[in-house]
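Participant: Please put together the full structure from these sequences, using the hints given.
Numbering (full-length UniProt numbering), first residue to last: 1 to 185.
Derived from the structure by calculation, the hints contain no laboratory data.
Even for Gly, the Cβ is constructed at its ideal location relative to N, Cα and C.
Take these hints with a grain of salt, some might be off.
[Said to hold, decoys possible] Okay, the calculated beta carbon distance ranges per label pair:
1. R22 to K169: 34 to 42 Å
2. P129 to M1: 21 to 29 Å
3. L180 to S53: 29 to 37 Å
4. E130 to E64: 30 to 38 Å
5. G164 to G47: 33 to 41 Å
6. E120 to L180: 28 to 36 Å
7. L119 to R72: 16 to 24 Å
8. P33 to E136: 31 to 39 Å
9. E88 to R13: 16 to 24 Å
10. E139 to D44: 17 to 25 Å
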Amino acid sequence: MRPGELLDLLKRRTAFTEAHARMLAELGQVMIPLAPEVALAFYDYLGRDPELSEILHAVPGRVERLYGTFARWYGDLFSGTYDRAYAERRRRIGLVHARLGIGPRAMIPAMGIVQELSLEHLRTALRGPEVFAAVEAFEKIIAIEIGLIEESYLEALSLGLSLGYRDLKEALSQGAAALLQAGHS
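Facilitator: Right, here's the structure in full:
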């Protein structure tokens with residue numbers, strides 16, 4: 001399924017509406033400044049895992065570059081624009097993670113860190129009934145994020161297996177590499 005079509009499906013399945021998109025855009029002024037703190041907790045969490053720490057530190061300066069990448073990704077959550085281009089960016093994120101060997105069992109718990117810190121901040125920063133609408137919109141976009149990224153893992157794994165790789169981790173990585181290469185040609 002094409003990323004834009006998948007996004008439309010996920011929006012329907014989560015009942016994500018234009019009102020949610022507007023709410024997320026409004027939340028940007030409250031949430032985007034939180035990106036460095038969330039990134040720090042996110043990479044601290046990943047760095048405590050020996051396998052993930054090895055991936056993070058395999059290339060000098062990678063972690064520092066990832067802080068900027070994370071801030072852009074986090075800001076995108078609150079852009080208010082969730083279209084085909086948004087879905088394509090999420091697909092690419094998933095494929096890059098897969099190529100590096102960062103699979104779903106690492107990504108989903110790490111997304112939990114993002115969700116936990118963000119929800120805590122929302123509950124502290126907002127008062128009254130607006131907090132419920134804000135939490136609802138945020139939880140929906142996180143569900144959509146996970147769905148988009150997970151689909152890219154499945155796409156990569158499927159291709160890797162069809163290319164003859166039998167080890168699942170290698171199939172995931174090689175399938176992702178092939179898809180990323182095809183996207184650049």
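Participant: Each hint should be assessed against the structure and marked as holding or not.
Facilitator: A quick look at each hint next to the structure:
| no. | hint | verdict |
| --- | --- | --- |
| 1 | R22 to K169: 34 to 42 Å | 41 Å, holds |
| 2 | P129 to M1: 21 to 29 Å | 37 Å, violated |
| 3 | L180 to S53: 29 to 37 Å | 23 Å, violated |
| 4 | E130 to E64: 30 to 38 Å | 36 Å, holds |
| 5 | G164 to G47: 33 to 41 Å | 34 Å, holds |
| 6 | E120 to L180: 28 to 36 Å | 34 Å, holds |
| 7 | L119 to R72: 16 to 24 Å | 21 Å, holds |
| 8 | P33 to E136: 31 to 39 Å | 22 Å, violated |
| 9 | E88 to R13: 16 to 24 Å | 19 Å, holds |
| 10 | E139 to D44: 17 to 25 Å | 23 Å, holds |
Checked against the numbered hints given earlier, the structure breaks hints 2, 3, 8 and satisfies all the rest.
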